[in-house]
Structures are given as C-alpha cells and as structure tokens.
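Colleague: So the chains spell out like this:
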Amino acid sequence: MVFKKFAGQRETLAEGYHLIVHPLDDVREEKIDMSHLGLMTLTPSAKAALFVLRGYLVLMIGLVAFRVFMMAQGGF
Amino acid sequence: MALEQIMEKETSAVQGWVVKNKWLRRILTFLVVFGPGLIVMEADNDAGAVSTYTQAGAQYGTHLLWLLLVLLPVTYFVQEMVVRLGIATGQGHAAMIYKRFGRWWGHFSMFDLQLVNFLTLVTEFAAIALVSSHMGLPPVIGVPVAALALSFLVLSGSYRRWERMVVFLCLLDLAWVFLALWFSPSLLSVAHDTFEPGLPMHGVTSSLVFLVIAIVGTTIAPWQLFFQQSCIADKRLRYADLKASRTDTFVGACLTITIAGCMMLVGNALRRHGISFSDPAQMANDLGHIVGQGVRWMILLLMINASMLGTTAISLSSAWAFGEVLGFSHSLNLSPKKALGFYIAYFVCVSAAAAIVLIPQAPLQLIILGVQVLAGVMLPSAIIFLQLLLNDKEMLGERFVNKRWNNIVNWSIISVMIVLSLVLAAQVIVPTLF
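Residue numbers (our numbering), protein chains in the order written: chain Z, -16 to 59; chain U, 111 to 544.
Heads up, a few of these hints could be off.
The following label-pair restraints were derived from C-beta to C-beta distances [what the hints assert, rightly or not]: (1) 42(Z) x 310(U): 30 to 38 angstroms; (2) 386(U) x 42(Z): 34 to 42 angstroms; (3) 275(U) x 42(Z): 53 to 61 angstroms; (4) 251(U) x 27(Z): 15 to 23 angstroms; (5) 37(Z) x 319(U): 22 to 30 angstroms; (6) 450(U) x 49(Z): 25 to 33 angstroms; (7) -8(Z) x 291(U): 47 to 55 angstroms; (8) 388(U) x 37(Z): 14 to 22 angstroms.
No more than 30 angstroms apart at the CA atoms, straight line, and that leaves these computed lysine-lysine pairs for DSS-like [unchecked claim]: (9) 448(U) x 132(U); (10) 30(Z) x 14(Z); (11) -12(Z) x 132(U); (12) 353(U) x -12(Z); (13) 448(U) x 209(U); (14) 30(Z) x 132(U); (15) 448(U) x 30(Z); (16) 503(U) x 513(U); (17) 448(U) x 14(Z).
Read the hints as simulated data drawn from the structure, not as lab findings.
Ideal Cβ placement from N, Cα and C applies to all residues, glycine included.
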C-alpha cells in the first residue's frame, strides 16, 4: 500500500518508514518556558520604536477626535 | 539568555499514517498542517475586500493589478513572522504582548483589536443585509440566519471539523477565477498590467491615492496577526511543522492575491460595458442583466461567502484573545460546556454586530467609514509589536528570532505602512487635504 494507518508506539515503527501524525493526535510538545520571563529588556532601538509609536498614536487619535468634532458641528 | 527547546517523546501510543515514499511523506505532512495559513489569508477577502477590489477594477480596469503582485510578498512576510511566533511559543499574540510589554500596551492592544474587530464585523453584516435584500430576502431574516449559521460553525467542539468547513468555504472563492475568466479581457493585457507597473489614463488623482491605500490596507489587518497565532496554538502545531506551515501561509497568500485580482477583473467588466460602480451587489445586478441571472446569483452568493469567512475569523480572533488575556479556557477542541467564556465571547461578537445592522437608522455608513480610518491608524502598532517580539532573543532563542534580512524587509514594510496609514487617515479625516 502507498500508505497505511498506524496506531501504536513510535518506537515500533520499522526502519525506512515515516510516520505522519496530525498535530492534534500527537503528544503535546513542550514549548518555550516563559515562566521566568518578565517584561522585555528593551534595546535603544526598541525604545525608540515604542516612543515613535506613542507619538504616532497621539497624533492620529487627535486627528480622529478633530474630525468627529467637525462632523458633529457640520453634520455627517 | 537563549532557551533550548526540548521535544518530549513520551512513550504513549499515537495514531497516524505510515509511508515509505519521501514525497508522499511531504505531501501528507503538508495536508495535516495546512489550514491556519489558508484561512487567515482567504478570510481577508471579506466583504470590505470585495467592495474595494471590485471598485478598483470598475474605476481603473486592470491598471492596479501590479499592486497586488507587490503586496504578495508583503502579506507573506508579515504572516510568516506570526507562524514562527505561534509555533515557538504555543500561545496567542495577545498573551505575548501582555507578557513582554506589560499591562499598558497589553490593554491598548486588546482595546484596539476588539474595537476594530467589532466595527469590521458590523460591516460584514451590513454586506450580508445588503446582499440578502438584493436576493429578495428581508435583512431582518437574512442577517439572523447568517448569525445562526456562524454560531453553529464553531459549536462542534472539534477544531478539525471547524477547519474543514472553513477551508471548504475558502475554496468556494475559486469561483471568482471562473468569473474572471468569463469576463476577462485578453490574457496578454492582464499579464502586462500585472507584471509592468503603470498608472491609469488620468495619472495620480486623490481618488486613485485613496483606493491604492485602501487596497494596501485591506491586505494586512490587525486581526490576522492575532487570528493566525491563536489558530496555530489551538491546532498545536509543532516545531517540525514550521516548514509546512510556511508553505500553507504562502499558498494562502497566493490564493488570496489571485482571488483579489479576479475580483478586480470582474469589476473591470462593468467599466468595459460603460456602467458606473455603486456597490458589489448592484454590480451583480448589472452584470446579471448583461450575461444572465446565473452570474448575478453567483456574485451575490460569493459576497455572502466572503462575509461569513471574515466574520468567523474575526470573531474567533476576538474570542481567543479574550481567553488568553482573561485566563479562561479558549479552544475549538473544547465543547461549549468546557470553554463557556470562549464561546460566549464569540457569540456576543457575532450577535452584537448583527443586532446593530438591524437597528433602523443605524449609522452604518459612519461605521464603515470609521473602520477604514481605525484599521489604517491601528495597523502599524500591531506590526511593530510583532516585529519587536520576533527580535526577542531572550524569549525565542536563535532558532526562531528574526535574521538580519528579515529585519531589513520588515522594517521597510512597517515604514511604508506607517506612511500610508498616515496618508489614509489624514485623507479620510480631512477630505480636502488632497
């Protein structure tokens, strides 16, 4: 057969054969342990990026508020 | 400090398929992994995208096809970062932002996501209401029926069942290819305008600039970053699935860009017949008068499909984010009894958006306009967090962190997105700017 179903221990798989298991049928994989991690240590460029982002958001939210005010004055 | 990943191979039994052929192994591996990438890309061809692309085709013919080709690598690169982050951490995007950037940025990201998502959901149901009235079905019936169908879509308690149904809906969009071939001008002119950038006859105008920005803005939406990462976490993709997941994302990107181009070609059919564009449902009526009612019904049903895809993906991105942040169970693999908060969040998103559309005199046009502005304003912040997380060596280790070329490409994309977002928001907010 081109392929066949398998149910059993991985170790019992014969040599030269490949086993394909759906992720939801597989044992849970251990991912990165983040329990000891707190806030990210920001590099100067990361700090700069977040600073620019805050400035950008203040500007854009101000523009949106201005437009809403103008629409309220002039009607939509 | 970089962390080493350990894959536990417990000696418990597993079920799967055994193959000997190397190519068959690759194909089957791809088939079990694919889904999140295809869905996140194709769900982006929602009601708003249908409207934008068909309008672009109706106003400018095939002159903007090249723009879609430029956007293909952009959308792939951004979502590829999401794939790496999702597989490496096994957690959703919202949880990552809270964890690494703190409560202030976490609250901001959640508020941003939920607001833009909710307004986008309203536009999806507005499209459903519009299409259902064109089909002769009162919106007061069509909209609740759609909301119920979307609710049943997730109720199976099986991620796999949900994924199969949604992938089926994604593949239905291939009907746009059939429509494009039917209406298409010569394939030579399509190929020319796809591979050779050019401008329409009247050059750069404010409406062209607006449409270009709208096209760019519909290609990457904040919800996509949250959706795909949560979907990958829910599907429990493994480190070994990274390559297949990248392929899934690439295939999804190609499909969504192809379908977008086909929508432009269908819109172009209106232009070639000298008919002006008002909305996609009216376009369906106009084309139906020319070629027959079959085409009309096909376009209307494809619009419903687009709205359904967009709604389920966006609602799930909201529900997953709530679960990650508030700490309740949040998985499509769990029944509503076991993940009550997750399903309630999903149903509230769907039903609230549907209810707003049914309110008489609801300011839908204002909401549709608001979504355009907000999505454009908020997108850069979502991508910046993603970029910073992918440079977090302390968390990801050398294996998953961005390489230098990744950073060059991604910061270029972010810079262009910020400039375009500023131009879009400024143009919409201050219409006399250009």
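Colleague: Starting from the hint list further up, note which numbers the structure goes against and sort them upward.
Modeller: 3, 4, 6, 8, 9, 14, 15
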